[in-house]
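**Student:** The lines below spell out each chain.
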Amino acid sequence: MRRLAPLAIAAVCLFGPLAFIEARTWLTLTIAGLAMGMLVFLVAAGLTLIFGLMDVLNFAHGAVFSWGAYVGFSVVALVNRRWGWVDSPSLSQNALAVLLAIAAAMVVALGLGIALERVIVRPVYGRHMFQILITLGATIVLEELIRIGWGPNDQVMPVPLALQGSWDLADVIVLRVPVLAIGMGLLVYAGIQLVLARTRVGLIVRAGVENREMVQVMGHDIHRYFTGVFAAGSALAALGGLMWAVFRQSVSPAMGGEQLIFAFVVVIIGGLGSVTGSLLGALLVGLSYNYVAFLVPKAAIGVTMALMVVVLLARPAGLLGAGK
Amino acid sequence: MSEPLLEVEDVHTWIGQHHILQGVSLRTRPGAVTVLLGRNGAGKTTTLRTIVGLLHAARGAVRFEGRPIHRLPAYEVVRLGIGYVPEGQGIFATLSVDENLRVAMRREDAASRERLTAMRALFPDLARFAGRPAGTLSGGQKQMLAIARAFVNDNRLLLIDEPSKGLAPIVVEQLVVALRTVKRQTTVLLVEQNFAMAAALGDDFYLIDGGRTVHQGPMETLVRDQALKKRYLGV
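Chains as they are written, first to last, in my numbering: chain A, 1 to 324; chain B, 1 to 235.
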């Protein structure tokens, strides 16, 4: 029964709106909602492991998201200026531009994550107030660096030709970017699950999420694993940032801050430390946001918070939280 | 006395503002079971946590095979060959029984897998419930799992904190049998409130009171000394 509860909630949220929305519109909104959910999931997945494993509140995660978007933006703009890969009708050149941008964004974020963990987070283990203050401070610094490097204004993200436009499936308009986002989210989720379930590193990380001290007295240097998780989480945030920039076709220095709020809500809804919980939470948030934005536009942000309140009242540890 | 495997010398440990250990000294003879006794709050658990490196001594020294270890982080201390079974077992409830054993292996090599097979033979329930989440085991099975985890590595010293706590008397009897098997292979430092169990397993004893070691000797002398037992243990 307890296992079925999250699925039941998900089903109600997914199909409930059909009572008020015409089916084709519902399908369009659902795809947009799933895409938004998957992008938020990319940010939340790192956040939930960082919090679950080491009890660290990392507010700098949003700034890494923005950095990912900007690094990707620069790479895409560069290869387009040099070789015209973005505006080219060739699918392989389009794909290569996107892959290069993803690789660059993730590599930069890996480095950024390692530096943040070593320099800023390590001295404040176990002290939440300090973690909030210092990671918020890091956010300000990282955002200002973006303003210095790339300028303070929003910029248009060049989107490869192959990703522009939509498919028309039996009169349902399906945008290409959201489909890509959904696919990428599923791929990342499968990748994380595979690493956590099948590898020794994943086993030790799962054990650490449950009891960090015990993992140490089994001879594992938890800090080394944590640096790795922090860096990987940062890389995922950067991927989310880049995908978000493609989705919205723009980048802005403060873009990460808005997403961070969604991501924290999702982590809390899903249960701290649970990757599957984060995926469920992100999809719930993405779907309900899109349905409500269509039906009652002014209530769109509010519904996310309402969702969190309802979930926490029913399950204080979140949908799949260990409740530690 | 032969060269001690573990030597704790006048250790002082603080937890936050509290001066918990105020001079604990003890030595474990190789191959013997040394029992640490004392009332609740005397500092027994803090002593074990200081030895294993989860807490750090502000004063004094801890030596393992003659080597100072009190400045090492916990993961380096245990790699020297020390197993730690904490109070409440420290089982990973969401991991399966098998995964609990694999996390405990410092290296997943042939020797570790061989020891794992031996542990499964000693505790058949661990083999029977290998795929189950460890959180679903009974209290006694969890304690067996905790001990087995300490034995999948090549440990020369085992620190066990109150293994009988919360277990039914019949399960405690099984535990004594299991620990008797185990003590043939390694040196043990055991914290135990259950005096019957302590007496059944112990070779040497140390009494801790108010964060200090106050008495020591062979277990038989404590078993006979009613006054000492009454004064420090209320037995």
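Honestly, the hints are just simulated from the structure, not real lab data. Given the structure is predicted, the values throughout are model-derived calculations rather than measurements. Where a beta carbon is used, it is the ideal one built from N, C-alpha and C, also for glycine. Check before you lean on any hint, since a few could be wrong.
Output of the computed footprint for chain B on chain A, the stretches with three or more beta carbons under 8 angstroms from beta carbons of chain B [said to hold, decoys possible]:
(1) 115-124
(2) 306-317
Pair ranges (Cβ atoms, derived) [stated by the list, open to error]:
(3) A:193 to B:154: 32 to 42 angstroms
(4) A:81 to B:132: 37 to 47 angstroms
(5) A:183 to B:109: 50 to 60 angstroms
(6) A:122 to B:80: 32 to 42 angstroms
(7) B:111 to A:300: 53 to 63 angstroms
(8) A:155 to B:67: 38 to 48 angstroms
(9) A:140 to B:94: 36 to 46 angstroms
(10) A:174 to B:121: 58 to 68 angstroms
**Student:** Tell me, which hint numbers fail for this structure?
**Tutor:** Hint check: 1, 2, 4, 5, 6 and 8 fail, others pass.
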